[in-house]
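Going down the list, the protein sequences come from chains A and B. The opening residue of the first sequence carries number 147 in my numbering; numbering runs sequentially from there. The opening residue of the second sequence carries number 337 in my numbering; numbering runs sequentially from there.
Check before you lean on any hint, since a few could be wrong.
[Stated by the list, open to error] Partner residues aside, some chain A positions facing chain B, computed with beta carbon under 7 Å: (1) TRP173; (2) LEU189; (3) LEU191; (4) PRO207; (5) GLY209; (6) TYR210; (7) PHE251; (8) GLY252; (9) SER253; (10) GLY254.
[What the hints assert, rightly or not] In silico negatives: residues of chain A with every beta carbon more than 12 Å from chain B: (11) ILE150; (12) PRO154; (13) THR159; (14) VAL165; (15) ASP208; (16) LYS216; (17) PRO221; (18) SER240.
[Stated by the list, open to error] List time: in silico BS3-like cross-link candidates among lysine-lysine, alpha-carbon distance up to 30 Å: (19) LYS406(B) / LYS216(A); (20) LYS157(A) / LYS203(A); (21) LYS406(B) / LYS387(B); (22) LYS406(B) / LYS203(A); (23) LYS203(A) / LYS216(A); (24) LYS157(A) / LYS216(A).
No lab work stands behind these hints: they were computed from the structure. Glycine is no exception: its CB is placed at the ideal position from the N, C-alpha and C atoms.
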Amino acid sequence: DAGITQSPRYKITETGRQVTLMCHQTWSHSYMFWYRQDLGHGLRLIYYSAAADITDKGEVPDGYVVSRSKTENFPLTLESATRSQTSVYFCASSASQGAYYGYTFGSGTRLTVV
Amino acid sequence: GQQLNQSPQSMFIQEGEDVSMNCTSSSIFNTWLWYKQDPGEGPVLLIALYKAGELTSNGRLTAQFGITRKDSFLNISASIPSDVGIYFCAGTNSGNTPLVFGKGTRLSVIA
């Protein structure tokens, strides 16, 4: 199906474990983004990518790693999960970084770190 | 970094009432966007604004790009139960920087 899909929808992991959240888009959008949503903080940018093999830090990058070997995929890895990384994570894509067309968001991954 | 102040944080309104919310920036923006997030879903774009003073409607929703370029407003007329959700403003001041989001306004509609 066309669109942007995130997997898994729900994930529970233990402190210290590595976990990878997946994001896949079918529009060949150049730009992809990872946001986290927390009560009282709204949406905060973690990392973004302008194209394959080009990534940049956002507002809250510490503890996260991204890669983009293919245009359509933009996985987010928590190298050693901490309880403070319990959050809802949203992936988004756009044809432009300046958001002339807006960003299209996935349905999110709810991550709980215990 | 850039910050957006969105208010109110939450609203409880009766069905049929009109709703107003706003967003202010510490710096000038050249694009303002309004999103709605339904429970358990990602945000969905409602309205995009590209010029100072611009007024754009989408059904019962109307948004305005403030003339100072540091604020934007969203109005919802005759609210209905499906308007429930979180409304986010977002903006950017250049084509080279990602969107910055406000913290959201949580809207509850009482039937």
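Each hint tested on the structure:
no., hint, result
1, TRP173, "violated, 14 Å"
2, LEU189, "holds, 4 Å"
3, LEU191, "holds, 6 Å"
4, PRO207, "violated, 12 Å"
5, GLY209, "violated, 18 Å"
6, TYR210, "violated, 15 Å"
7, PHE251, "holds, 3 Å"
8, GLY252, "holds, 5 Å"
9, SER253, "holds, 5 Å"
10, GLY254, "holds, 5 Å"
11, ILE150, "violated, 8 Å"
12, PRO154, "holds, 14 Å"
13, THR159, "holds, 20 Å"
14, VAL165, "holds, 20 Å"
15, ASP208, "holds, 15 Å"
16, LYS216, "holds, 21 Å"
17, PRO221, "holds, 17 Å"
18, SER240, "violated, 9 Å"
19, LYS406(B) / LYS216(A), "violated, 37 Å"
20, LYS157(A) / LYS203(A), "holds, 24 Å"
21, LYS406(B) / LYS387(B), "holds, 12 Å"
22, LYS406(B) / LYS203(A), "holds, 25 Å"
23, LYS203(A) / LYS216(A), "holds, 18 Å"
24, LYS157(A) / LYS216(A), "holds, 24 Å"
Violated hints, in rising order: 1, 4, 5, 6, 11, 18 and 19; the structure is consistent with all others.
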